[in-house]
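Given the coordinates of chain W, assemble chains D, E and G onto it according to the supplied hints.
Sequence order for the protein chains is W, D, E and G. Counting from 1 along the first sequence, just add 88 to a position and that's the residue number in our numbering. Counting from 1 along the second sequence, just add 88 to a position and that's the residue number in our numbering. Counting from 1 along the third sequence, just add 88 to a position and that's the residue number in our numbering. Counting from 1 along the fourth sequence, just add 88 to a position and that's the residue number in our numbering.
If you are wondering where the hints come from, they were derived from the structure by calculation, not from laboratory data. Hints may be right or wrong, so weigh each one.
Said to hold, decoys possible - Derived pair list, reagent style DMTMM-like, types lysine to aspartate or glutamate, alpha-carbon separation capped at 20 Å: (1) Lys315/D with Glu102/E; (2) Lys133/D with Asp268/W; (3) Lys249/E with Glu250/D; (4) Lys315/W with Glu102/D; (5) Lys290/G with Asp207/G.
4 protein chains.
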Amino acid sequence: DHFPKLVVGGPENEFVQPAPLRVRLLCELIGTCLFIFFGAGCAAKGHDLLTVSLAHALVTVWLVYVFGPVSGGHFNAGATIAFAVNGKMKIVEIIGYLVSQAIGALIGGALLLALYGSDNTLGTPALSPGVTVWRGFLIEFICTTILSFVIFFTTSYNTQKEAALPIGLVVFSSFLLGADRDGSALNPWRWLGPAVFSHTYKSEAWIYTVGPIGGFLLGYVLFRIYKAIWNWNADNQFHRM
Amino acid sequence: DHFPKLVVGGPENEFVQPAPLRVRLLCELIGTCLFIFFGAGCAAKGHDLLTVSLAHALVTVWLVYVFGPVSGGHFNAGATIAFAVNGKMKIVEIIGYLVSQAIGALIGGALLLALYGSDNTLGTPALSPGVTVWRGFLIEFICTTILSFVIFFTTSYNTQKEAALPIGLVVFSSFLLGADRDGSALNPWRWLGPAVFSHTYKSEAWIYTVGPIGGFLLGYVLFRIYKAIWNWNADNQFHRM
Amino acid sequence: DHFPKLVVGGPENEFVQPAPLRVRLLCELIGTCLFIFFGAGCAAKGHDLLTVSLAHALVTVWLVYVFGPVSGGHFNAGATIAFAVNGKMKIVEIIGYLVSQAIGALIGGALLLALYGSDNTLGTPALSPGVTVWRGFLIEFICTTILSFVIFFTTSYNTQKEAALPIGLVVFSSFLLGADRDGSALNPWRWLGPAVFSHTYKSEAWIYTVGPIGGFLLGYVLFRIYKAIWNWNADNQFHRM
Amino acid sequence: DHFPKLVVGGPENEFVQPAPLRVRLLCELIGTCLFIFFGAGCAAKGHDLLTVSLAHALVTVWLVYVFGPVSGGHFNAGATIAFAVNGKMKIVEIIGYLVSQAIGALIGGALLLALYGSDNTLGTPALSPGVTVWRGFLIEFICTTILSFVIFFTTSYNTQKEAALPIGLVVFSSFLLGADRDGSALNPWRWLGPAVFSHTYKSEAWIYTVGPIGGFLLGYVLFRIYKAIWNWNADNQFHRM
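Isolated chain W (complex conformation):
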């Protein structure tokens, strides 16, 4: 009944109890920090689309593989809010996750400032010339809707370790689609960390926060509908949704 399923705990590997909340918060902090450090840290250097997309995708794979079994591997305000609406997180967990992620994002941004200096956008996502705000929003919104649906569905019948690769590959597909057009955040923290430390606030920045949170919520709603369609009129005795 715990969320998420814990697979690390156990005396044989010296972790003598399931991960307590403090450890899960630490993992969310570390993971969000490193997603920004390695993802935005690559985008900050202006490399080509494939390089930037692989940077975000593969850091997602190893973060979810390593820390997912501990904290669920959100690293994303959108994911946490969607899981909160799902009703399996306590209030203290929800707030803890969001605060830890925010702190991690800020540490990630600060590390990038130390590495690249103040005359760099630190990989803050931004619209490319010719891309309208509406299309930028659409990319963020559609891609996170898909990502959210895949996360809810695939983790419902796979472990976090098994889900790490497909989730990372959805990130890959999404960045290939968007990174050269709207800069692709898919994650409010991915925008926040670099934006704070590079002082690059723009009026269209809402698309990197409202977009992913809205997308994750829609993805969750679609997943619930999907489950309801699946289980509707079940031929065994118990009906659920």
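Same frame as chain W, but now just chains D, E and G:
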């Protein structure tokens, strides 16, 4: 005896029955839509061969990994027709799969139109200068023959989750060979969706529909011959083909 | 006691007996043909080092994953000769494997001729300007020595399906090192197929045949020495090598 | 109680005893040699960031996959020193690992000299123009701290074979961040081998030795703190750290 093997159903993950047909059709619709959205969506931007090939290959990997255990992960009229000939799908399933895929392909094309506007080919496959229609057809036909054979053979002794990577890698090899020469569809829907919404019908477009369907059928025939050669003169009591 | 371990056979998937020799030869023919078709077919177009290296590496991964459980996944005269020296193949198997691979290589070369026409080298490996014959030979020889050692060692405690990824990645590392310097064959057939159909025989072509065969034999010898060092003075009752 | 967990030994695959120390030292020598041969061998040719990063990441994956189950797959003085501080290696093991790795690094450097000649830096890491020593050090130090933490954590609940991919992907992320700025070693031997044979000693070379060793030690300390936070106040009877 069900086709395909269902591995998601089960009360412990809240899917209380094997995926009913309506859910499998939904998965085919979603998967075909996303293959076109992410695949053609990358090709539409004119990136290099490696980027476009990885875009199609890796979206295939995660689509088959996530939705394959539900619907078999066809997302391709060629695959569905070959499985239909194989005789394990009912008429209603065959029609349902094809209609769902067509709807998904059109939604995918429409999303790309929203993202890229009407002055874009939306990644519709087309022959590169200097590539003859015959050679374009040959690429589509040979590559889908190989893809079909690999799908039939590898899914006969692997789960969909295990088969996702090799199938995606066949797509990778095929796009590397063809994406810079005939645009590579390997899939009638991959041509249809973008073509309808970009109004780019060309006289050679048949190679992207006849080619893959013919290739998938030949791949299936070769697989049957392969199985017959394998089982011929079996030294245990029961002979089958 | 059979070589190689068969994992496909079994009535539940309609392969009612372990793969007979005729099927294993067919798999070697198909695999060698496709390695050349997709590998040389990419190299023939003059793409960058990363693209060409991934082309050869990932086709290796899926070929070994799909056909390795049937035939062992040699697709390489060097591998077959080394396994022959290892003493677990019968004379008829050795000859059959080599003949099948040669036929596959020629079919692969012929397909490339059909696709690219006669004014193309069809990806035949060749020394780049400034690379001496000695250094070209060294690349072929060292890389196949390493590949051979890894194949013998990793398949001794992994299935073919598990070994597919590391073996493909050794091919990746080797092509990254050599594809832009000596064209990298690592495999006599990879040279033969394209060379025959593009009529590009050069005096240094021996490095693509002698190099890989010599390397595979040295890799096998090193593996035997490695095993002897490992088992020497074993503290349990039975000593072997 | 043995370090590391041995999974290769066993009569069924002809390795009749757990890997003795001499074999583990041999694997460290081979692995360190090949990491430099393929990693620095690619960097020596001046390819783009993605190619160089994949070269180091994927050689790490297959080296850890193949040799990790035998020797633990250090191939890095930083890793060995951190594991030594961890207290599970004997003095003779520690010295043996370091000496074997050094010999392997020198053989790797010598092979590169044979392949590329004396007018090549052989991929010795160096600061790019405009990157300060402090920032170069920071990249080495932070990335190896993360790598060390991930190695200690992920190998505590995964086998070496399972850990090969995430560890290789951390190397990928790190090289993407650093390879175009400080040349990225993450490993004293990665600097030593090429530096000795290309005679490219520079005053800032300490960042490639002190950085990784310091980073691996800090990563280990952080892992101990992490484990202590996890196990603190455990609700079952036994407390450990």
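Here's how the hints hold up against the structure:
1. A threshold of 20 Å between alpha carbons decides the hint, and for Lys315/D with Glu102/E the separation of about 8 Å falls inside it, so the pair holds.
2. At roughly 9 Å between alpha-carbon atoms, Lys133/D and Asp268/W fall within 20 Å of each other, so this suggested pair holds.
3. The straight-line distance between the Cα atoms of Lys249/E and Glu250/D is roughly 10 Å, inside the 20 Å bound, and the hint therefore holds.
4. Among the hinted pairs, Lys315/W with Glu102/D is consistent with the structure: their alpha-carbon atoms are about 8 Å apart, no more than 20 Å.
5. Distance hint between Lys290/G and Asp207/G is fulfilled; the C-alpha atoms sit about 16 Å from each other, no more than 20 Å.
Every hint from the earlier list agrees with this structure, and none is contradicted.
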